[in-house]
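Trainee: If you want the building blocks of each chain, they are given just below.
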Amino acid sequence: MSEEQPKPPSSPPASAPKTQPPVSVARRHFLFTWLGFAWTGFAAATLAALSTCLRFMFPNVLFEPNPIFNAGKPDDYDIGKVDLRWKEKYAVWLVREPEGMYALSTVCTHLGCTPSWMESEQKFKCPCHGSGFYASGINFEGPAPRPLERYAIRLGEDGNIIVDKSRKFQQEKGEWNQPDSFLYL
Amino acid sequence: MGEAIKAAIDAFASPVSIFVGSILVFAVFMTFPKQCTTRWVSAVFAVLFLAFFAFGLTDEHFRGIVTKPDNVPIVAMLFIFGYFTWFAMKKAVDNDERIAKGEPPWEKTEADEKVMVFPYLIYIEFVVALFCSIGLVLWSIFLKAPLEEPANPTISPNPSKAPWYFLGLQEMLVYFDPWIAGVLLPTFIILGLCALPYIDRDTKTSGFYSYAARKMPIMFFMFGFWILWILLIIVGTFLRGPNWNFFGPFEVWDVHKVVPLVNINLSEIIFIKWLSQGLPSNWFLREAPGILIVLFYFAVPPVLMAKTVCKKIYEKVGPERYGVFIILMLMMLALPIKMFLRWGFNLKYIVAIPEFFFNI
Amino acid sequence: MGENQDKEEPKKKSSLNFLSRIKLPKFSWKDFRLKTQVGKSMFRHGYSDDEKDRAMTVLTNVFFHLHPVRVRKSGARFGFTWCAGGLTFFIFLTLVVSGIMLMFYYRPTVEYAYNDIIALREHVPFGIMRELHRWGAHAMIITVWLHMFRVFMTGSYKPPREFNWVIGVILLVLTLLLSFTGYLLPWDQLAIWAITVGTNMARATPFLGHEGPGAALLALGDIQLIHSGSDVRFALLGGRFVGEAALLRFYILHCVAIPVAAVILMAVHFWRIRKDGGISAPL
Amino acid sequence: MPGKSPSLYDLKKTTVWFAISSLVLLISLVAMVLEDSTREWKHWQKEFVTYSREKAEGELQKARKAVDQKKLAALEAQLVEAHMSANEQKSKVRELEKETAALAIKITQTTMRYQNEKQFQDSDRYFLEEHRLHHEDEQAAEFAKRMEERAPVIDSLKRDLEGLQAEDDARKESINEITQKARELTRQIQQLTESITRLESTVKKLSPNVATAILNAPMLDFMKPTLQIQQIVLENLYDDYFFKKSNKVDRCTTCHLGIDQTGFEDAPKPFQTHPRLELFLSANSPHPAETFGCTTCHGGSGQSVSFTTAAHTPQSDEQAAEWKKDYGWREMTHAISKMLPLSYTEASCTKCHGGVVDVPQAPKLAEGRRLARTYGCAGCHKIEGFEKQWKVGPSLEHVQSKLEPDWIIRWLMNPKEFRASTKMPRIFHLENTSDVKSAEKSDASIAGIAAYLMKNSDPIALGSLPTKGNPEAGEALVKEVGCLGCHTAAGVDANNFGPELTGLGSKVTPEWLYAWLKDPKHYSSETRMPNMRLSNEEAAHITAYLLEDRNEKFESIRLPIVKSEVVDGLAMMFLKGRLRYDDAQAKLNAMSAQERLEFIGEKTIVHQGCFGCHTIHGFEDTKPIGTELTDEGSKDVHKLDFGLIHLDHTRQAWFYQKLKEPRIFDRGKEKVYHEKLRMPDFGFNDDQAERLTTFLLSLQKEDIPLEMSKQLDLREQEIERGRYLVAKFNCQGCHTLDGQEGKVRKVFDDAGNAPPLLTGEGKKVDGGWLYDFLEKPVTIRPWLSYRMPTFEFDEESLTHIVRYFENLSEVPISYKDDTPKPTAENIEAGKKLFKAFQCIKCHKSNPEPGLSASFLAPDLVMTKSRLRPDWVVEWLMDPQALQEGTMMPTFFYDGQSPMPEILGGDALRQSEAIRDYLWLFNAEEAHGAAQPQVPQAG
Amino acid sequence: MKKIAKVTLTTLFVLAVWSASSYAGMVSGTVKFDGAAPEAAVISMDADPTCAGAHSESVLSEEVVVGDAGALQNVFVYVKEGLEGQTFDTPSTPVTLDQKGCQYKPHVFGVQVGQPVDIINSDPTLHNVHGLPKNSKEFNLGMPIPGMRVKRKFDSAEVMVKFKCDVHPWMNAYVGVVSHPFFSTTGSDGSFEIKDLPAGSYVLEAWHEKYGTQTMNVTVDDAAPQSASFTFTG
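Residue numbers (our numbering), protein chains in the order written: chain Z, 1 to 185; chain V, 1 to 360; chain A, 1 to 283; chain X, 1 to 938; chain P, 1 to 234.
Watch out, some of these pointers could steer you wrong.
What the hints assert, rightly or not - The calculated BS3-like cross-link candidates involving lysine-lysine, where the alpha carbons are at most 30 Å apart (straight line), are: (1) Lys455(X) / Lys521(X); (2) Lys73(Z) / Lys710(X); (3) Lys273(V) / Lys118(X); (4) Lys34(V) / Lys73(A); (5) Lys168(Z) / Lys710(X).
What the hints assert, rightly or not - Selected chain X positions facing chain Z (Cβ under 8 Å, derived; list incomplete): (6) Val16; (7) Phe18; (8) Ala19; (9) Leu23; (10) Leu29; (11) Val30; (12) Val33; (13) Leu34; (14) Met219; (15) Gln231; (16) Asn496.
Hints listed in this document are in silico derivations from the structure and should not be mistaken for laboratory results. Just so you know, even glycine gets a beta-carbon here, dropped at the ideal spot from N, CA and C.
Generate the whole structure from the sequences, applying the supplied hints.
Mentor: Shown next, in the form of structure tokens:
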């Protein structure tokens, strides 16, 4: 539409009287007229109203499970095993290795499906598009563009494992070296 | 006998064969529209199609997928669109013949006469609406709306599929990252459709069925609609099984099917395979070749084409319109290009910057 | 519709003569239409087969007057229009009616939604309304695509109808969104995963999705501004995953927001058909 | 076109209006945004940030001071040195790094190839299996061949990979070695300054900065606000919205930010730490916040995030005024659940802790329940869970043998006149019956009751006293024999379980008292007063002592004159309730004056519900008169009659007022005599009223899901059954038991003379022995003057008590014979040790009188029948561990025996040897052992 | 001599400035009993012949022992306030508590936290040492063999901790457990002496078994020993 107007040079300017000064001056002038104020104010008010509507769509509280949860004592986990007990409630796999533990997100990095742990093949396999991940979370097959994310994990004062899902660590950003991405035991 | 045919079809079926086959059929149809719309040829097509379908329905698996309540509309759509494409092309070819003979298109002959809306038009609408109602009621009686297990966020079905009309997009995800397949391409489809009348503005060729008069737009549109949309929906719905693996139409969807996915990024090909180096740690350096290729794709062909193949168009519509047109076209072609790169070279991403979720 | 019967009425009268023997109170439709104040007030046109009254039928009926009084012969041909647009509108109306009916029984909460669908299947009188609604939705998508296909094939998108084409494209998108949002409401596995897969694409929206390219650049120091709790998908779902809030939001979008937008645009679309010169024809 | 149609008004002027309205609209929208983003809770969160920053700054300063600067400097110097020495090997490191980089490429390449091959292998395996399944042997063979060919490739690739990895590891290891020292030192430095670093980052995080300001800015605060509403969604607890229940959501922690953290004990008001963190909120406590939230106990609107709407309830008017001033508080008039004032919070415990005698850790509620039990609320009011409640007043079945009618009349006039501490409430002559007419009626009623009781009670046989009795000896006996375990007497106030023993001379006859002391069950079969097994002389002495005290003032109370017309009026009033006037009159006329008196007495007993506390002939099955209190704590406030009294319309205010002044809600009302409020005046003090209010508030029915409420297991149920009996018979009046100190023990200067501690008794003594002992007590500690009385428990109660003790000590039911099977060696050793440790010095079989109790310990002859063998060993090893403060010393300090030559000096074996010896120990042995007083030299 | 003193003083001053603590201060004084001394009760040891046999004369209670000129024995004097936050080395030399003639010797004494108390049974009879601290763990040790020794430590400061023997109820002793070495017990002349107290102001407390406690403020400097006297009245 907008392209339409400048195109035909021959069409007579019906709306713009010829008496108007050059465009730039007119614009500046327009801003300081009542009409300018009026439209600016109206536009701003409309914008404000629209943005309040947009803000309205983001609630201040969520009825979702607390992202920080207590996962019990490290001794409850078998070394070398991917633990599935928090998968349903918190969407987290806890993997216990000889030197420590880490918490893997159960969200496939491709399109957010939930992969399943294949104990015999020692890999996570996503049912949606077939992405595969090692127990470490590294992707090795399928369309997943990057490894599974890890969540912050630490030992609470009472010796319980605290998993904080609000903090994520991504391997491709080199974040798996950060202190809370791996719990040394 | 039947099993052997099924096995042969299954063995032959692959994204590549289906795509290439469809493009071939499409090319034939577009090149020889007159011949293809003759009664005999179309009858053969129709019979072949129906025969395949009838044959397919004898197969339990095929029947299961095709008659899945939510897939029925796709089947219906196939028949409807098949018929109407033929119908439109038939009319177009007829008109083209008339124009070639110097006669006005058929619509022109009736365009100047006006008829009373009441009752003529309203009657048609009324009856059509009644037929439509009949159709809906019967459909509803014979086919129950699906209802599966209650929603369970922890168990994702394998495969998880979007509603059928978005399966084209989901199929694109095989070749592109979500931000392209799910956001960029749909946006461009919408924008492209919107831009259409502002690029193709020739009012002389409007208001009647014709192929000759609008060869280019129809070809592009049909390619986009049939090959890049309907075909992808068919593949995504009927031929994608567990783990989004490809399955032939008669192949049982086996969850355990393993297909090697040995895709590799362009940067890996260049740096590791060809240069035998490690990947540069700087992402920009690492992806520079890919970025260059993409920039090249969007910068050079338009200029070249403007001077050669599309010279006429360029002159006709001017630089702005040409620019919009060519970008849309390149976007559209990007999909088959990426498909062929994937099939041919196992290329995963041309540009892969997972650090910024930026993969092409 | 009433008019159709009107016309037949006088002819049929003779054949129904035997009825008058059963001494029914005499009632003449024609008299009612032309002589009583009630009849006159309801119909603002005469009662004969002439062009004037036919024209008046269209002009004075709020529903018919979407149409002009006369149309080009070519444009009225079913072979030209396939009646796809009209059909789409008709299916839309069907969906509105069946949808409103369904709303009487359906509650968009995670504890009830699935139950209510089961209720429709099991015991609600004419629970088939759900099938009508679902298949109607699918049919509407097909007819919308068909309508677009037809308009394209006849080159009817060209000036002066280009703006109406754009509106049509938007209506097409709205139709898809209507169907998509409705897909979640049964709250079964099919629904939740289709919507999960569908909306996950929104995560990859450039800048606005938390897994979209460029989102990482919107940060204050080491605080990521766009994350799974503040991106465009969150606004759509009202949560980080498809849950209770998403169900409600999709319900509102499906039942109120998108239909209202679609109705407004449809009005413009229909109005523009007439303003842009009716159904297209060769120049 | 322009100029043709007329203009309506000046467009320019309208434009001005357009501009103004646009701007004003914009301003109003901005105001709306501001209003939305400045909320009360944000203020508190900001305050909390400030407070915690200041706190962290203070801690930081302390931490900085605490760091050992010298050590730090030394470490840093070492680190520099370590870096220097590492730098010397820099070229080597660089070399190694280059090699690892080269290796990395090889590894990547090999990995890729390996993975490729492996994937093809996996895929081929699938197809091989598929083809095999369908008996397509040709294709199967094809795939099998392919796999066979590929297998060695994969193997070699894997080996290559492993080799490369090993090389890589070796190089990384050597690099590590070089930098080892520096890293170790860095770690040490970090450790040393860890708290500083942590606190510094905390302070920095809490300091105001641009980023936080942006994150919390209006409209932008959806992204990652630092100020956020905190909420706990309780999965198994619900708010009842009548049509439906909805999960409880508590947002209290939005403002009470420090409530579940230690370190905020001294913080200002909303931030304070919860005072009982070990019991509530913390994850390891029995009531973690995640599961129980806040409003479950405290009440109030958990979802609210402002002071007023959260329905905070002030403790007092002063606090209300303060809140109004500080927080703009006002009362939520239409709230469904208001917070309980802090003083009544314990009332919520019973929501989940039902079926117990006392809720653990809820002292006020426990006290309230105890009061309810001892004052016999359940006598008049039906309360679920109190059905087994005993009658708190004495039985009046034989009252004519005990009391004079005049005494009864004086008593009923005002029981407190006779005994200030009595639990008998005043029933007559209270606020609403103090006018002359009512008083006359009350007097008549009292006389009627006395007449009725005299007539309707049976006499019992009373013997005469064998001797006159010596009051002084009696006083000593009262103090020594154990009366003080229940009664306040002889000027000692340790217990108020039984009636205070004053003024008895004005009340009962010596014959009755003597008979009562000798055998309480003779007078009243249901009495809880146990038999003290007093000898005739002892009983006579005590009788003499107790009857010495007279209440002259009480005796001088003038008996009211009962007018016959008042009696008739009352009788008519009662009769008219059932009969027509004429019939009533006829019936009245048929009665004699005495009969009329007895008639109104009977009716008054019915009307006032005396039988709720006393057993009275003729009222065995009469239903109690009070309102049922089972749901009183959740009773609709509108159902409570506040009368004309100005009072907060809350349950707690009403209960408190009712308890303090039971008749107050009649004030200003016009009622006929028998319609007036009847709740008697117990004379509760403020504390008692508050405790009882807590108790009443605790009587609520809320549907708490089973998994959330405390379910008693079998053991706990048995304990509760025992606790009921312990409460009923006041065991803790004498014994320390179940975590409660024996009340009478404080009277004793010498703890050795006090009734024994029963902590761990179940583990200590044999269950069968305990059963016998409780049934028929025997002397264990002859030096004690206190006697274990004979309670005459029935079999069921005995079993319950024994199981109670065993369960408290977690003794499992066992049918194993646990008698020790001693060896000769053990017996010999045991005997030696027994001598060496001079056990007999304290554990004398027949102690000489006059010795201090501390000198004495139980007779060891009893051991084998009384004690559990395992316990004896444990006891000998370390008595303090079992009973802190015991006078039994340990001979095995720190598990070492002082007699290394016996049994290899093994403390455990020696203990067992002593135990084994004790199982053979009998009276002769005891006698023999007591003889040689000179200990052996060790 | 003067020179030396000067040098010493200067050094001390420097040291004081340097370390802010100099160990030169001394507080000494006497504790007196005002009024007529109460007559000491006679302890009957008849219950245990061994005990009775150990004494030829009648044994007097040690609860109140008043010497010449009202000198009050067995008063425990220690620095109560003024040393907060400082730590002192724990001596390893034990303090001896003897049980002799069925009496504790000494009757009142002081010990530092962590310093061992060496408890001896010198009697040929059974004693049990029952320590009743509130801040540390209670203990009750039977000592059946003559000459037995046992060491015990206290984990935290407490004034005073009572010892008793449950076999011989008349036996008791009191120990003041403090966290620093600045304490003293009055002897038969009623005098006490606290040495090496760093300069500063302190609160002294005197404790007596029967007459309770008294406190006094003292300021200690390096110049001269400070004197402090307490007087208890009956």
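Trainee: Now, for every hint given, state plainly whether the structure supports it.
Mentor: Hint check results:
1. Our distance criterion of 30 Å between C-alpha atoms is met by Lys455(X) and Lys521(X), whose separation comes to about 22 Å.
2. The suggested pairing of Lys73(Z) with Lys710(X) holds, with an alpha-carbon distance near 25 Å, which does not exceed 30 Å.
3. Of the pairs offered as hints, the one joining Lys273(V) and Lys118(X) holds, with about 19 Å between alpha carbons and a cut-off of 30 Å not exceeded.
4. Using a Cα cut-off of 30 Å, the hinted pair Lys34(V) and Lys73(A) holds, with the two alpha carbons roughly 26 Å apart.
5. With a CA separation close to 38 Å, the supplied pair Lys168(Z) and Lys710(X) exceeds the 30 Å bound.
6. Taken as an interface hint, Val16(X) checks out: its beta carbon lies about 5 Å from the nearest beta carbon of chain Z, inside 8 Å.
7. Satisfaction of the interface hint for Phe18(X) is found here, the shortest Cβ-Cβ separation to chain Z being roughly 4 Å, below the 8 Å cut-off.
8. A distance limit of 8 Å between C-beta atoms decides the matter here; for Ala19(X) the minimum to chain Z is near 4 Å, and the interface restraint holds.
9. At about 4 Å, the closest approach between the beta carbon of Leu23(X) and any beta carbon in chain Z falls short of 8 Å, and the interface hint on this residue holds.
10. For Leu29(X), the interface hint holds, the least distance from its beta-carbon to any beta-carbon of chain Z being 4 Å, beneath 8 Å.
11. Hint status for Val30(X): holds, given a least beta-carbon distance of 7 Å to chain Z, under 8 Å.
12. For Val33(X), the interface hint holds, the least distance from its beta-carbon to any beta-carbon of chain Z being 7 Å, beneath 8 Å.
13. The beta carbon of Leu34(X) is not positioned within 8 Å of any beta carbon in chain Z (closest approach about 12 Å), and the interface hint is therefore violated.
14. Interface hint at Met219(X): satisfied, since its Cβ lies 5 Å from the closest Cβ of chain Z, which is below the 8 Å cut-off.
15. The interface hint given for Gln231(X) holds, since its Cβ lies 5 Å from the closest Cβ of chain Z, which is under the 8 Å cut-off.
16. Look at Asn496(X): its Cβ only gets to about 44 Å from chain Z, farther than 8 Å, so that hint breaks.
The structure fails hints 5, 13, 16 (numbered hints given earlier, in ascending order).
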